[in-house]
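Novice: In case you want the letters, here they are:
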Amino acid sequence: MSTRLYEKEVAITGIGQSEVARPSQLSGMRLTVDACLEAIADAGLERGDIDGIACWPGDNNNGDSFSPVGPYALKNALGLEVNWFGGGYEGPGPLAGIINGAMAVASGLCRHVLVFRTITESSSRIVNRQASALTNKTTGRDSSFAWQWYTPFNVLSAVNLMAIYAQRHFHEYGTTSEQLAQIALTCRKHAQLNPKAVYRSPMTMDDYMQSRMISSPLRMFDCDVHCDASTAIILSRKDAAKDTRHPPIRIEAIGSALNQPWSWDQISLTEGTAFDVGKMMWNRTDLKPKDVQSAQLYDGFSILTMIWLEALGLCPRGESGRFVEGGHRISLSGQLPLNTNGGQLSGGRTHGLGYLHEACLQLWGRAGERQIAKHQVAVTAAGGGPLGGSLLLVKE
Amino acid sequence: MQRKLPALNADNRAFWQGGEHGCLLMHWCDGCANYFHPPGPICPKCASFSVHPREVSGKATVISFTINYQSWTPDLTEPFVIAIVELPEQPGLRFLSNVQEPVDQVYIGMHVRVVFEQHEDVWLPLFVKD
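Residue numbers (full-length UniProt numbering), protein chains in the order written: chain A, 1 to 396; chain B, 1 to 130.
If we strip away everything but chain A, and leave its shape as in the complex, we get (with noise of 0.2 Å):
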């Protein structure tokens, strides 16, 4: 390859993570004070070393419990002197505030850059059961770009379109509410062993099957539990990660594609950007899907993380039914460890960082009794439909 690829001049360098609660009594600046201090020690750096700061999709300026705090209060809390910093809601999905994040350091306009995302709608929640109702997104009529295609049809969660997403994949490839399940169970099974999971009782076939269908073909079970956290992790330039205290996770390859509208309904059903983004990933690097050896996918729906595995080339497109069969292969011990850490179905809406963290812990062996066998390529993605962003790490 001769162009330049400048992700990887970029490297992941300490990670933290508040207390994941159901709810916290802290607030969400305190939950994101503890996860940001976290990752600044666990990378052996000082405050003062940080001169960037990302997030995604930062301060709406509203309060929002989908992101309640942003990097303008950040930088006040953590008296931050910063070279670049931003935050914003368009972008690749979850994973944005890293993309955007890793260009900065990579261009050279910062050293080591502070990226977070934090939640607290387990809270808001408790305040008002309709707080992530789309329909609060606006008052009065519906003006957003996105959303009065929706809720006049009374479209009220994402899970009605994710519902339809699934509908269709049941449609064109057999798949089974059996083998979405295996999602489900699987990352129960991962989460009785995270201490810091929301859900940790055994979850059986039954209990899935006879959970409450929310929107079907999905059940209350395939949908991800609200909870309060923060997550943060330091992008440090490649020669900065030298002074640092664990081995650089590179950041091998990034996947930011969208080719088709930004719309939930004109996308592909079956494909959402999932397959954009898994293309130009693959197009940045010389390694291979069969390289892959740990894969932590975004579950804020089950439906998405077939999509993933399909997108990612981890399994023939249309197959993810018949690979996730059983849920041997996306086993602690399986040929594809998944969600190891219980995903954000067991282990709590963190919102897409809480994949990094956990893809690093366990590059880095630290994932203690969820810990898989040692390895050094691990892949991360997350979104849904127009939203998505993937991440190849490289462990040095």
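Just so you know, these hints were derived from the structure itself, not from any lab. All of these numbers come straight from a predicted model, not from anything done at the bench. Please note that a few of the clues may not be correct.
To be verified - Footprint (simulated), chain B over chain A, 3 or more residues, beta carbon under 8 Å:
| hint | region |
| --- | --- |
| 1 | 123–137 |
| 2 | 158–164 |
| 3 | 212–226 |
| 4 | 231–242 |
| 5 | 265–276 |
To be verified - Here are some chain A residues the structure puts well away from chain B; computed CB gaps all over 12 Å:
| hint | residue |
| --- | --- |
| 6 | Arg30 |
| 7 | Tyr72 |
| 8 | Phe170 |
| 9 | Lys196 |
| 10 | Pro316 |
To be verified - Heads up, simulated SDA-like pairs for lysine to any residue below, C-alpha to C-alpha not over 25 Å straight-line:
| hint | chain 1 | residue 1 | chain 2 | residue 2 |
| --- | --- | --- | --- | --- |
| 11 | A | Lys374 | A | His171 |
| 12 | B | Lys45 | A | Leu258 |
| 13 | B | Lys59 | A | Thr244 |
| 14 | B | Lys59 | B | Thr77 |
| 15 | A | Lys196 | A | Gln25 |
| 16 | A | Lys279 | A | Glu90 |
| 17 | B | Lys45 | A | Ser263 |
| 18 | A | Lys137 | B | Thr77 |
| 19 | A | Lys137 | B | Leu8 |
| 20 | A | Lys288 | A | Lys374 |
| 21 | A | Lys288 | A | Pro247 |
| 22 | A | Lys137 | B | Ser57 |
| 23 | A | Lys137 | B | Asn12 |
| 24 | B | Lys45 | A | Asn259 |
| 25 | A | Lys75 | A | Asp243 |
| 26 | A | Lys75 | A | Val127 |
| 27 | B | Lys45 | A | Phe145 |
Every residue gets a Cβ at the ideal spot worked out from N, C-alpha and C, and that includes glycine.
Start from chain A and add chain B according to the hints.
Specialist: Positioned in the frame of chain A, the structure of chain B alone reads:
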């Protein structure tokens, strides 16, 4: 059923108000002779400004759907069908709507036709069995 209504503007008004005269209006581009949706001031395919709403047949096919069971609001107590329907006028010309039939009667491939439900100055294009 209570509905959150869209805010109307110069780009989307025809789609949401065509039902006043019983017409389903989709945006058409004279430049490349294609429909596109959602409507906008410029054709995303050929960048022509020669775009305008044009009446279509109102027939459609269900390409995927879901039955919503969750009461997201206190008055949403009965299961109802949300579907994406594709119009015969052009492959891929589609949008999301409701199919107003008993929930166990809806399937992928089902032929449906548009009916309009007025709420204030909006005529929602909904679908029933054809």
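Novice: Starting from the hint list further up, note which numbers the structure goes against and sort them upward.
Specialist: 4, 8, 11, 13, 14, 22, 26
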